[in-house]
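Following the hints, complete the assembly by docking chain B onto the known chain A.
2 protein chains.
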Amino acid sequence: MTSFSEKLKSAIKRTGGCLCVGLDVDLVKLPVGLSKDAKGALEFCKAIIESTKDLAAAYKPNMAFFESLGAEGMAVLEKLRGAIPVDAILVMDAKRGDIGNTSQAYAKAFYENLKADSVTLSPYMGKDSIEPFLDYPGTCSFVLCLTSNPSSADFQLQTLQNGHKLYEWVAQTAAGWGKGKKGEVGLVVGATQTQYIKDLRQLVPDTVFLVPGVGTQGGDLKDVLETGRSKNGYGILVNVSRQVLYASSGSDFASAARREAQKLVDEMKPYFK
Amino acid sequence: MTSFSEKLKSAIKRTGGCLCVGLDVDLVKLPVGLSKDAKGALEFCKAIIESTKDLAAAYKPNMAFFESLGAEGMAVLEKLRGAIPVDAILVMDAKRGDIGNTSQAYAKAFYENLKADSVTLSPYMGKDSIEPFLDYPGTCSFVLCLTSNPSSADFQLQTLQNGHKLYEWVAQTAAGWGKGKKGEVGLVVGATQTQYIKDLRQLVPDTVFLVPGVGTQGGDLKDVLETGRSKNGYGILVNVSRQVLYASSGSDFASAARREAQKLVDEMKPYFK
Chain A
8 MTSFSEKLKS AIKRTGGCLC VGLDVDLVKL PVGLSKDAKG ALEFCKAIIE
58 STKDLAAAYK PNMAFFESLG AEGMAVLEKL RGAIPVDAIL VMDAKRGDIG
108 NTSQAYAKAF YENLKADSVT LSPYMGKDSI EPFLDYPGTC SFVLCLTSNP
158 SSADFQLQTL QNGHKLYEWV AQTAAGWGKG KKGEVGLVVG ATQTQYIKDL
208 RQLVPDTVFL VPGVGTQGGD LKDVLETGRS KNGYGILVNV SRQVLYASSG
258 SDFASAARRE AQKLVDEMKP YFK
Chain B
8 MTSFSEKLKS AIKRTGGCLC VGLDVDLVKL PVGLSKDAKG ALEFCKAIIE
58 STKDLAAAYK PNMAFFESLG AEGMAVLEKL RGAIPVDAIL VMDAKRGDIG
108 NTSQAYAKAF YENLKADSVT LSPYMGKDSI EPFLDYPGTC SFVLCLTSNP
158 SSADFQLQTL QNGHKLYEWV AQTAAGWGKG KKGEVGLVVG ATQTQYIKDL
208 RQLVPDTVFL VPGVGTQGGD LKDVLETGRS KNGYGILVNV SRQVLYASSG
258 SDFASAARRE AQKLVDEMKP YFK
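Quick mapping for you: the protein sequence lines, in order, are chains A and B. So for the first sequence, my numbering puts the first residue at 8; every next one is plus one. So for the second sequence, my numbering puts the first residue at 8; every next one is plus one.
Only chain A is shown next, with the shape it has when bound in the complex (with noise of 0.2 Å):
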């Protein structure tokens, strides 16, 4: 079976960019022309993903918009499945973890029945709450580690004891996590830390990097890209939400996105070359 970073390389190769598309559904934010419920969702979703699809590398719903649907939103969710490329990656953002047997339910919803490539999750609760995501082989499991947000400074910029900051610790720890395992794990690192991102490529130089931030949240797609790309060149992703899916409210959204993702993937050709 292909590896995962196997997969994202061909997709980055095919593609021509890192582009990672989330799919961060706000009925509220939909173009004019389609309904404000689960059906326009699914058609808003479906027209981006068939706009972008020879450029996004990848493609990540965010869980969080679709359970505010409730039943009907997981249902698009499983419709979404079919409509997104075998080749391109599917990352669904969930930033799950908990206890063993819980984790479990986690990974078979994500990992089985949406047969996702990928997932994000919490560190909070340790090794434990991750490994059962570990047993599925092709996927990589993005564990969050230095996120995009003002409050990540609360506990991830805390200094340790042992002289690391704390998600610093957590980048070592979790990349040996996937050690030996069936799946790999990968970080999740926000695009407005770029200060950091060196010194972390240091100390896990082959782990691979969702990077969320660039666009509405601030981050500088250069700045990531001159320092957050893996060892051999191929282990980022950088997702791009807002930027794309609303680039316009009118009947051209879907072109409008295309033109926006073009946009990003021209930057970013450079330095997969």
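Since the hints were derived computationally from the structure, they do not count as laboratory data. Don't take every hint at face value.
If chains are identical, the list can't say which one is meant, so a pair holds when it fits in one copy or spans any two.
[Said to hold, decoys possible] Within a straight-line C-alpha distance of at most 27 Å, the following computed DSSO-like cross-link-like pairs (lysine-lysine) qualify: (1) Lys115 with Lys46; (2) Lys115 with Lys43; (3) Lys115 with Lys53; (4) Lys186 with Lys122; (5) Lys134 with Lys36; (6) Lys16 with Lys205; (7) Lys134 with Lys172; (8) Lys36 with Lys115; (9) Lys86 with Lys43; (10) Lys189 with Lys238; (11) Lys134 with Lys238; (12) Lys16 with Lys276; (13) Lys46 with Lys86; (14) Lys122 with Lys46; (15) Lys20 with Lys280; (16) Lys122 with Lys16; (17) Lys115 with Lys86; (18) Lys36 with Lys53.
Using the frame of chain A, we list chain B on its own:
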């Protein structure tokens, strides 16, 4: 509107104990006679609730098990809402936490759509990931502090340069987030960690604790109740899942669950006189 703490105190007085029945619905473990699907899961939960409703101060559905059933599982959860008595506390065990606009969507899913009283959240992303949940009056957002699983030691027991263990820092910091907000902040503290609960109570004497890990996981109920109650005596919920749910695998599962719940409440009663 009644505050969460007041509703909890009433529920404890009504039932005689601080028992929270965890609805961890594992299809494999469903008793004979129930179909191993969403329909069976709904029947099972309804029967458990019906037979324990005068004993359980709270019910805690575990999102993972419902999510692993896909859209059908979410529909079960919506139907279950109506089966839970209005004077019992509904805790959604979700362990969510994300950037602001995403946390808002989760808060809507749990506090508006499902009309839960409470949700469990992960602290790793800090204050702005929790704040959207605190806009709902009458609710309590339980932040993970010291969890019941062995790997809780990986990060939660790390000592910070300020001399505090990470879980102590989380406790103090998160308790502060609730000040002046519409919703309360509570803490998740595992029953397997009783050697730490006494000190933790000195740091946050008034904060409500949700304590999982009694029963199958090995935590001792007496130890928890001796040391874990809040200053007013009522700021605690002790969760038991498997010991109650799967007390019998036969058709008498509901009455067997009641017997286990009754035993637990009998042990709790002396502490709430």
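Each hint, compared with the structure:
{"no.": "1", "hint": "Lys115 with Lys46", "in the structure": "both (26 Å within a copy, 19 Å between copies)"}
{"no.": "2", "hint": "Lys115 with Lys43", "in the structure": "between (30 Å within a copy, 16 Å between copies)"}
{"no.": "3", "hint": "Lys115 with Lys53", "in the structure": "both (24 Å within a copy, 24 Å between copies)"}
{"no.": "4", "hint": "Lys186 with Lys122", "in the structure": "within (23 Å within a copy, 42 Å between copies)"}
{"no.": "5", "hint": "Lys134 with Lys36", "in the structure": "between (38 Å within a copy, 26 Å between copies)"}
{"no.": "6", "hint": "Lys16 with Lys205", "in the structure": "within (21 Å within a copy, 51 Å between copies)"}
{"no.": "7", "hint": "Lys134 with Lys172", "in the structure": "both (18 Å within a copy, 18 Å between copies)"}
{"no.": "8", "hint": "Lys36 with Lys115", "in the structure": "between (31 Å within a copy, 16 Å between copies)"}
{"no.": "9", "hint": "Lys86 with Lys43", "in the structure": "both (18 Å within a copy, 24 Å between copies)"}
{"no.": "10", "hint": "Lys189 with Lys238", "in the structure": "within (21 Å within a copy, 48 Å between copies)"}
{"no.": "11", "hint": "Lys134 with Lys238", "in the structure": "within (25 Å within a copy, 34 Å between copies)"}
{"no.": "12", "hint": "Lys16 with Lys276", "in the structure": "within (13 Å within a copy, 60 Å between copies)"}
{"no.": "13", "hint": "Lys46 with Lys86", "in the structure": "both (11 Å within a copy, 22 Å between copies)"}
{"no.": "14", "hint": "Lys122 with Lys46", "in the structure": "both (22 Å within a copy, 23 Å between copies)"}
{"no.": "15", "hint": "Lys20 with Lys280", "in the structure": "within (9 Å within a copy, 69 Å between copies)"}
{"no.": "16", "hint": "Lys122 with Lys16", "in the structure": "within (19 Å within a copy, 44 Å between copies)"}
{"no.": "17", "hint": "Lys115 with Lys86", "in the structure": "both (17 Å within a copy, 23 Å between copies)"}
{"no.": "18", "hint": "Lys36 with Lys53", "in the structure": "within (16 Å within a copy, 38 Å between copies)"}
The structure fails none of the hints (numbered hints given earlier).
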